[in-house]
Amino acid sequence: MSGRTIKLVAIGTLIAGTLVAESRKEYHFNVGSKAGVSVNNPYGSISVKPSTGNTVVINALLHSDKVEVDNNQNGNHIEIQSHLLPGADATSGRVDYEILVPSDASVTLHSTTGPLHAEKLHGDMTLEGSGAAVDVRDVSAAHVHVKTVSGPVTLTNVQNGHVEVDSLSGEVTLDQVNGPLVQVISTSGRINYTGDFGRSGEYRLTSHSGDIEATVPDGTSADVSARSVKGEVHDDIPLQPKTHTWFAIQEGRAFMGTMGRAAVSSTVVLRSFSGKIHLRKRSAK
Amino acid sequence: MNCVELQNSLAEIEDASTAEQQAHLKTCPECSALVGELKLIVSAATDLRGANEPSPRVWNSIEIALRQEGLIHAPRAGRSLIPSIGSRWAWARWMVPVAAALLFAVGIYVRQHSISVQLAQNANRPVVPGTVITDLTAGLDDDDLLQEIAQQTPGMKTQYEDELRRVNEYIQDAQGIVAANPNDEEARRSLLEAYQEKAMLFELAMDRSLP
Chain S
1 MSGRTIKLVA IGTLIAGTLV AESRKEYHFN VGSKAGVSVN NPYGSISVKP
51 STGNTVVINA LLHSDKVEVD NNQNGNHIEI QSHLLPGADA TSGRVDYEIL
101 VPSDASVTLH STTGPLHAEK LHGDMTLEGS GAAVDVRDVS AAHVHVKTVS
151 GPVTLTNVQN GHVEVDSLSG EVTLDQVNGP LVQVISTSGR INYTGDFGRS
201 GEYRLTSHSG DIEATVPDGT SADVSARSVK GEVHDDIPLQ PKTHTWFAIQ
251 EGRAFMGTMG RAAVSSTVVL RSFSGKIHLR KRSAK
Chain G
1 MNCVELQNSL AEIEDASTAE QQAHLKTCPE CSALVGELKL IVSAATDLRG
51 ANEPSPRVWN SIEIALRQEG LIHAPRAGRS LIPSIGSRWA WARWMVPVAA
101 ALLFAVGIYV RQHSISVQLA QNANRPVVPG TVITDLTAGL DDDDLLQEIA
151 QQTPGMKTQY EDELRRVNEY IQDAQGIVAA NPNDEEARRS LLEAYQEKAM
201 LFELAMDRSL P
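Chains as they are written, first to last, in our numbering: chain S, 1 to 285; chain G, 1 to 211.
Hints were generated in silico from the structure; no laboratory data involved. Even for Gly, the Cβ is constructed at its ideal location relative to N, Cα and C. It is possible that some hints are incorrect.
As the list claims (entries may be wrong) - Keeping only pairs whose Cα atoms sit at most 16 Å apart, straight-line, the calculated EDC-like set for lysine to aspartate or glutamate is:
hint: 1; chain 1: S; residue 1: 230; chain 2: G; residue 2: 169
hint: 2; chain 1: S; residue 1: 230; chain 2: G; residue 2: 173
hint: 3; chain 1: S; residue 1: 25; chain 2: S; residue 2: 96
To be verified - Quick partial rundown of chain S residues pointing at chain G, CB under 10 Å, derived from the structure:
hint: 4; residue: 34
hint: 5; residue: 42
hint: 6; residue: 90
hint: 7; residue: 110
hint: 8; residue: 129
hint: 9; residue: 131
hint: 10; residue: 147
hint: 11; residue: 166
hint: 12; residue: 169
hint: 13; residue: 206
hint: 14; residue: 225
hint: 15; residue: 227
hint: 16; residue: 273
hint: 17; residue: 274
For reference, chain S alone in the conformation it holds in the complex (with noise of 0.2 Å):
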């Protein structure tokens, strides 16, 4: 047997070996109206999409023998946990998961390596990770609550939302966001929003030491404040100033006013205690 042949048969056995590690599961569940679904995965991805009808399916790739899936009913909720066998690190005990569930159900994604991502749902829902990108698209009407350390954190087209990001580091980015609540949290991430800030609401972005960039359309209506106490705070969208304002407006540190119409606008608070601020006015194509 030829030297070149003997490789050939070690690459297919080490490519065998590892299909043969890895493992899929598939679970169907039938759940009722407003379903309760939670997946905790230490390690590997998680993402969430409707289903047609009742139908929760839980598809699980295991990347070894060292995890495996367990999982319960339990009424109308259903849990889901990668559990860990020892000897299980990040690589043997990842396991990754694509889940459908009705579009009203509500959903908490639990995982520190990740990605996370949910998509088309009107349910609650929780997605946490220390490390784990978060990525949530094409959502009305939910409460969306994000938590990462270091994560970034991608939200795209939530409308008529309850937004709530806590990131630690993770950057930030909001397109397309808008509710009656919309407030980030960060200590040193960035923070990108862009967006007209809906027809009223709340929007609050707040970074300790993080950047704060919010790029608006022509014809956004918000009264908008922003403050930096030692960062430098630039406004590109003539404001019709407060006649009383709460705390002193310093040149280059904070500015407030009114956009557009009055009558009808979101409230938008952006603070940093040292990052920058800009309030941007998005180019027309």
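Given the coordinates of chain S, assemble chain G onto it according to the supplied hints.
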């Protein structure tokens, strides 16, 4: 009543209004400052909307964790943790997860170390008003948290050290602004948010992955 017993009792009698609690607070500046800071957090919550109230699952998770730590006990007849908070502090309900997370972190420390030993070690340090809560949440518990991380996920220790440093800076800066502007509601809210960030860091860090 000693410091540990007072802090345990705060979970059920939040305003420290019992005679026993008041007697201890009169003799203990550290616990008195802690109760003062908690009241400050609660009073700042009056500015926040009820829409910030967390889901029932959050309450259940906190209650389970506090029971496991022995910080709360089985509810007496007609009383439970949630109705107790709802009836009196309804307007500050959503703040309780933050305070509970801080109490939880303190409870972890109490389990592993003696508060009296730490206070004795601190006795020679000048107590600066308003900083005791920082010591309790930033100094004592930080070490425990980092020890847990070092044992469970050593590769994450450096990252968590950096995150702790940043969030402690956040708290200190926010405290400074509140001290300079005690009537500034925005400043108090910023301090609240800083504590919330630290509570979240503890919460996610304590979520162990390995068996």
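Checking each numbered hint in turn, tell me which of them this model violates, lowest number first. When the structure is compared with the hints, only number 4 turns out to be violated.
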